[in-house]
Amino acid sequence: MPKIIIDGHTIECRSGIPVLQAALEAGLAVPHYCYHPGLSVVASCRLCLMEMKMPNPKTGQMDWAPKLFPSCQTPVRDGLEVRFRSDPVRENQQHVMEYYLLNHPLDCPVCDKAGECYLQDYTEANGPATSRMVEDKTKNPKKDIGPHTLLYQDRCVLCSRCVRFCDEIAGTGELAVVGRGSRCEIDVLPGQPLENPLQGNVVDLCPVGALLDKGFLFKQRVWLLRSARSVSPADSRGQTIWIDYNEAGIHRIRPRYNEKINEWWISDEARFGWKHVHRPDRLRQPRIRQGVALQPARWEELPGLLRAPFAGVAACASPAGPGGGARLAQPPSLLGRGQGEGQGIGPLAAVLSPMLTCEEAWLLAKLARSLAPQATLVLGHVPVSGHDQTYPNGFTIKAEKCPNRRGVETILQHLGGPTASFQEFLAQAVEGRFRAAYVTGGYPDAWVTDPVAAALARIPFLVVHDLFPSALDGAAAVQIPGAAWTEREGTFMNCDGLLQPFERALPPLEGVKADGQFFYELLGQPGLFRAQTVRETMAAELPQFSEVFIPRDLPKRAH
Amino acid sequence: MTFGRVLMRHVGVPNSTSLAVYKADGGYAGAARALQMTPDDLVELVKKANLRGRGGAGFPAGVKWTFLPKDRTVTYLCVNADESEPPTFCNRVLIDSDPHLLLEGVLIAAYATRTTVAYIYMRGEFCEQFHILQRALDEAYAAGYFGHNILGTGHNLECYIHRGAGAYVCGEETGLIESLEGKRGWPRIKPPFPAVEGLFRKPTVVNNVETLACLPHILTRGLDWWLSIGTANSKGPKMYCISGPVNRPGCYEAPLGLTCRELIYGADFGGGMRDGKQVKAVFPGGLSMGALRGDLFPKPPDGKVDPKQDYDELDCALDFDDVRKYDLLGLGTAAAVVVPEDADIRDVLLNVTRFYAQESCGQCTQCREGTAWMYKIAQRIRAGAGRRVDLDIIEETSRNMGMIPGLSICGLPDGAAWPIRTLIQKFRREFEQRIAAQEPGAAQSLIRRTNAAAYELPVLHGRAVQPAGGTFATPLDVAPPR
Chain X
1 MPKIIIDGHT
11 IECRSGIPVL
21 QAALEAGLAV
31 PHYCYHPGLS
41 VVASCRLCLM
51 EMKMPNPKTG
61 QMDWAPKLFP
71 SCQTPVRDGL
81 EVRFRSDPVR
91 ENQQHVMEYY
101 LLNHPLDCPV
111 CDKAGECYLQ
121 DYTEANGPAT
131 SRMVEDKTKN
141 PKKDIGPHTL
151 LYQDRCVLCS
161 RCVRFCDEIA
171 GTGELAVVGR
181 GSRCEIDVLP
191 GQPLENPLQG
201 NVVDLCPVGA
211 LLDKGFLFKQ
221 RVWLLRSARS
231 VSPADSRGQT
241 IWIDYNEAGI
251 HRIRPRYNEK
261 INEWWISDEA
271 RFGWKHVHRP
281 DRLRQPRIRQ
291 GVALQPARWE
301 ELPGLLRAPF
311 AGVAACASPA
321 GPGGGARLAQ
331 PPSLLGRGQG
341 EGQGIGPLAA
351 VLSPMLTCEE
361 AWLLAKLARS
371 LAPQATLVLG
381 HVPVSGHDQT
391 YPNGFTIKAE
401 KCPNRRGVET
411 ILQHLGGPTA
421 SFQEFLAQAV
431 EGRFRAAYVT
441 GGYPDAWVTD
451 PVAAALARIP
461 FLVVHDLFPS
471 ALDGAAAVQI
481 PGAAWTEREG
491 TFMNCDGLLQ
501 PFERALPPLE
511 GVKADGQFFY
521 ELLGQPGLFR
531 AQTVRETMAA
541 ELPQFSEVFI
551 PRDLPKRAH
Chain U
560 MTFGRVLMRH
570 VGVPNSTSLA
580 VYKADGGYAG
590 AARALQMTPD
600 DLVELVKKAN
610 LRGRGGAGFP
620 AGVKWTFLPK
630 DRTVTYLCVN
640 ADESEPPTFC
650 NRVLIDSDPH
660 LLLEGVLIAA
670 YATRTTVAYI
680 YMRGEFCEQF
690 HILQRALDEA
700 YAAGYFGHNI
710 LGTGHNLECY
720 IHRGAGAYVC
730 GEETGLIESL
740 EGKRGWPRIK
750 PPFPAVEGLF
760 RKPTVVNNVE
770 TLACLPHILT
780 RGLDWWLSIG
790 TANSKGPKMY
800 CISGPVNRPG
810 CYEAPLGLTC
820 RELIYGADFG
830 GGMRDGKQVK
840 AVFPGGLSMG
850 ALRGDLFPKP
860 PDGKVDPKQD
870 YDELDCALDF
880 DDVRKYDLLG
890 LGTAAAVVVP
900 EDADIRDVLL
910 NVTRFYAQES
920 CGQCTQCREG
930 TAWMYKIAQR
940 IRAGAGRRVD
950 LDIIEETSRN
960 MGMIPGLSIC
970 GLPDGAAWPI
980 RTLIQKFRRE
990 FEQRIAAQEP
1000 GAAQSLIRRT
1010 NAAAYELPVL
1020 HGRAVQPAGG
1030 TFATPLDVAP
1040 PR
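From first to last, the protein sequence lines stand for chains X and U.
Numbering of the first sequence is given in the working numbering, commencing with residue 1 and proceeding in unit increments.
Numbering of the second sequence is given in the working numbering, commencing with residue 560 and proceeding in unit increments.
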């Protein structure tokens, strides 16, 4: 670990990083635009310049060199002495900030970036209060550069981060700098819009309000937003994200740095994968079948309604004695449907969706096994689309579009007993092997295909716990509204076995109970569901769940 | 002093671009001699000759070659023929009349640096010159001076001519390399320097056309001949260009150390000013090196100097050292452009700022925004709406664009700031006279007309004082009249 001296303070830093990164990690507010730790260094904004001690050629003594050095381009080495608090450095920052604002439209009141804009921050810290330029500003155009992105060229500071991102991380190279000098613009080639699956990152990368997300345009002021640490359910890689939300709901998703998985970036699937949370057709009320129709029910009556039939089914299925069948002869009123044609007595099944958190899957599995020790535990439908896509820099978008298959599998393996894959479960269901099943969904997209619906319709007592109405509505005896992942807390285990916790951003939709809380109540546990508590009890049996991975926070002043 | 032209000896010779004419005059003898030596001896020789780069910075070519890593396997030689400094045309003259001299220099330099591939990066506008050089290269290939096993020595050299697209910044060596690689001509950050990691990420030498053209003569005429030419630290002949309203504008060869006055008034050179006009200013080293005053009293020939007298600066010797005494950035390309006494200094400023605003590559903030801002100010001053504070702003801007080294990636902003700052400093009185002669309130009315927003900024009222020089305080004279 090299030690360097910044402004007289000795700082220990990682080796191989630039001085700027070391300074930022030490908490210094060094202004910078073009530098980004995930991209190549171009040293073109000239804002992070510093003074450095060099051996004086005349005396051989270490002395402040009479020039400035870009700190983003100077690697740390042991004993290096630099300073940012000096007149030449400060003057340079002032001048550069003045230059940046010469042609800037100063339209902060209508700019989405206002509040988290580094032009604002640095100008406040270093820049002049007024511009000395009295001439007309150069007016650059506003451009539509892709299906999701706008470019307000007049706000651009030409840090070229977006260009480098497209070249180096996405490898698609849609963006380029065109023109020369102060007529430089960022642009796309005609007919080749910015639409790669990682393109949303250029909006986060932009230190000013030049690149804008069309979905977030003019929607919210950023100072009205709160952020929750979350994990994206968009694919099985477990990209960590910030959910920016307020009382009105979610407004956008930003990447949360994660050194093991997604670094500074997220895929567009993760970025825009929250829209379903606010879909108007979300289920909002538990409903139970009375007659032919599903009728609204109260949450309080559900535990009783569910436990009794499940226990009944379990008792029949148990090899305890032939009397079991007789007991089912007086089925609970809910079992009104399908009982006549039941071919033999099927066991109980619980379908654990890979959209559930580890804690929820655990509780549901425990519930099923507590009601019926021989209950079949099923890993729910695993949505897969296409192939894994790997980008030049190693960023991967997984084909598996669910966050927790590995977590559910781990739990199933641990619990042992009868388990089945979803396909096996469907096949057995078609054969009528199941008398009751608890099916969890929670997928953002429609997942119930005709074969699935047909197979599940064969189960006499079907409980469907899902976000949206589906083809299962006709078959379900009980329909329970689920909460989206933004409304729950817990952990997802990604495809590589990394366990990552996430926070709740929003309260569950009105009338909806968070899944974990509901399972808690079904199990008869008192109090509130807390993922942490459940995880601790799990860890006692399953050491994989004893440690969660929390990525380190980025330094505050870095961007 | 008798001085025989060597670099320009074939200017005016009929059919001088042909190999036959060149060889008849002892052509490629230097290369033949060089190929007998070891490359290290050759580098040593050029170091002893103190051959300083003719491209502008004046860095010793031999020393540059020694920066190449010892254990390199591939080396590239780039010839900088992207001559785009405004009044400069010596490379063009050289290629026009003596392309084989350049090619022989390329061969020698390639051998000295153990290069097997050389690229001649040629300015896009050099259309005719490209064909001349290409023809000469084809001839040289046919005669066995390029290609495999040159002159039976076992040395190989492939040479390609690459045409640029006319960007000034591609004359900067790393900009040239980027452009040669097919990328946008944005100068690279240094380190690594090209000698370590240049073209295609391999060790690369970039030399100017004229520098290479000197090599054959050093070899054929010997070190003693070379060291007998020029001044203490600046050895060898140099091609000087002179343009502007002089009687004989053109390119002339002389030993380094020619004074500016000689260049303008010498019978062998500029031949005096047209119509007997006086010189107002001279940009003696290409635009970027700054301006000299010519509108004051000449120094008396007897050398007696009155310290109270303002002398003009035409006695500046155009070599690598003397120019610094006159607040010039360097020798540059030694291409002087003369501004006559009746020219409006505001026009000069406008022209200079326009060039750099046009040619800034747009990478570093200071250069990108500063050059454009200065151009806007110069336009306004020219339109008769200047303010005295504008001069301060220009001066301050030029200072923080390139005066402290390290503020930007390449040398372009230094080259942009220097002539603008020297113009403002040396001719400030004239600028102020012009501004004083403007219509009263012209600046205010023009600003109000073109940019009402700036005028209506409410913060301008009652905002502190305008201290001397440029600051970040709001200039008082922008405030609306009470």
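Treat the hints with care, as some may be off.
Unchecked claim - Per the computed footprint, the stretches of chain U lying under chain X, defined by three or more beta-carbons under 8 Å from a beta-carbon of chain X, are:
1. 909-918
2. 929-935
3. 965-979
Claimed, not checked - Facing chain U, a subset of chain X residues (Cβ under 8 Å, in silico):
4. R46
5. L294
6. Q295
7. W299
8. E300
9. R557
Read the hints as simulated data drawn from the structure, not as lab findings.
All C-beta atoms in this analysis are idealised placements derived from N, C-alpha and C, irrespective of residue type, glycine included.
Item to check | Restraint outcome when R557 of chain X is required to lie within 8 Å of chain U by C-beta distance | outcome: 19 Å, violated
Next on the checklist: Tell me whether the statement that chain X covers the region 965-979 of chain U is true, taking a Cβ distance below 8 Å and needing three residues at minimum.
Outcome noted: Per the Cβ count (4), the hint holds.
Item to check | Within 8 Å of chain X (C-beta), three or more residues of the region 929-935 of chain U | outcome: holds (count 5)
Checklist entry - Against chain U, is R46 of chain X within 8 Å by beta-carbon distance? => result 5 Å, holds
Checklist entry - Are L294 of chain X and chain U close enough, Cβ to Cβ, to be under 8 Å, as the hint says? => result The hint is violated - L294 of chain X has no Cβ within 8 Å of chain U, the shortest such distance being about 63 Å.
Checklist entry - Should the interface hint for E300 of chain X be scored as holding, given a Cβ-Cβ cut-off of 8 Å against chain U? => result 63 Å, violated
Checklist entry - Would the hint on W299 of chain X stand, with a C-beta cut-off of 8 Å toward chain U? => result Since chain U brings no Cβ nearer than about 59 Å to W299 of chain X, farther than 8 Å, the hint is violated.
Checklist entry - How does the coverage statement for the region 909-918 of chain U fare against chain X, requiring three or more residues with Cβ below 8 Å from a Cβ of that chain? => result holds (count 3)
Checklist entry - Should the hint that Q295 of chain X touches chain U count as held when the rule is a Cβ pair under 8 Å? => result Violated, about 65 Å.
Consistency with the previously given hints fails for numbers 5, 6, 7, 8, 9, ordered from lowest to highest.
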